[in-house]
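Visitor: Chains A and B are the protein sequences, given in the same order.
Read left to right, the first sequence gives residues 1 to 112 (this note's numbering).
Read left to right, the second sequence gives residues 1 to 112 (this note's numbering).
Keep in mind that the hints were calculated from the coordinates and are not lab data.
Among the hints, a few may not be true.
Any copy, or any two copies together, can satisfy a pair, since identical chains are not distinguished.
Stated by the list, open to error - Under the rule of at most 16 Å between Cα atoms (straight-line distance), these lysine to aspartate or glutamate pairs were calculated in the EDC-like manner:
{"#": "1", "residue 1": "Lys32", "residue 2": "Glu86"}
{"#": "2", "residue 1": "Lys47", "residue 2": "Asp103"}
{"#": "3", "residue 1": "Lys67", "residue 2": "Glu86"}
{"#": "4", "residue 1": "Lys67", "residue 2": "Glu42"}
{"#": "5", "residue 1": "Lys77", "residue 2": "Glu42"}
{"#": "6", "residue 1": "Lys47", "residue 2": "Glu86"}
{"#": "7", "residue 1": "Lys15", "residue 2": "Asp103"}
As the structure is a prediction and not an experimental result, all values here were calculated from the model.
Number of protein chains: 2
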Amino acid sequence: MKQAIIIRKDIKMGKGKIAAQASHASIGAYKKASYLTKKQWELTGQKKIVLKTDNMQTLIELFTNAKKQKLPVALIKDAGKTQIPEGTVTCLGIGPADDNKIDLVTKHLKLY
Amino acid sequence: MKQAIIIRKDIKMGKGKIAAQASHASIGAYKKASYLTKKQWELTGQKKIVLKTDNMQTLIELFTNAKKQKLPVALIKDAGKTQIPEGTVTCLGIGPADDNKIDLVTKHLKLY
Chain A
1 MKQAIIIRKD IKMGKGKIAA QASHASIGAY KKASYLTKKQ WELTGQKKIV
51 LKTDNMQTLI ELFTNAKKQK LPVALIKDAG KTQIPEGTVT CLGIGPADDN
101 KIDLVTKHLK LY
Chain B
1 MKQAIIIRKD IKMGKGKIAA QASHASIGAY KKASYLTKKQ WELTGQKKIV
51 LKTDNMQTLI ELFTNAKKQK LPVALIKDAG KTQIPEGTVT CLGIGPADDN
101 KIDLVTKHLK LY
């Protein structure tokens, strides 16, 4: 099992900003998973992978595809208090879920 | 209310690595909070701040101080599959909790 966090590379964010946005995505998707799924993921080491996309359009498509697969998913918009404009979509959390279900949606993406 | 994520600056980690480690800390500390605290934090915008330390010693001290204050806390060790040696302590999650309780432990730290 794993959780995937997909981050846009085309917007300028510092490391602290990325850490905060990724954490929003991680908790957001985690909360959507079933109790059993969360427990299974925790017992198997809570694997996370961090991937990248080049633009907002791709991130929205990934979100739609993950929804179609009924995966737990959270699309993160920034509150816009620092660095980037309000409402900017920054990243996406998918899972935890079985590796192969996550791969169905994310296998073409590269590691961040 | 807020959650603080404190990351070591003295170990070399790429942005993807930092995103994954911060997410571990975020979920780890979140899970330790009470149901009511989690709900209050979610209803008030799930504020997160990302801070930095210069060494492991400071991170361990912050962990101990947060424990003493009975704050939800998670100290993250890396599994060591990429970039850094196995068991390296990388970051710390504290909260969600009231801002002033988090500040008691972290107010001397700078933003990452």
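Visitor: State the violated hints by number, sorted upward, taking the hints as numbered earlier in the document.
Guide: 1, 3, 4, 7
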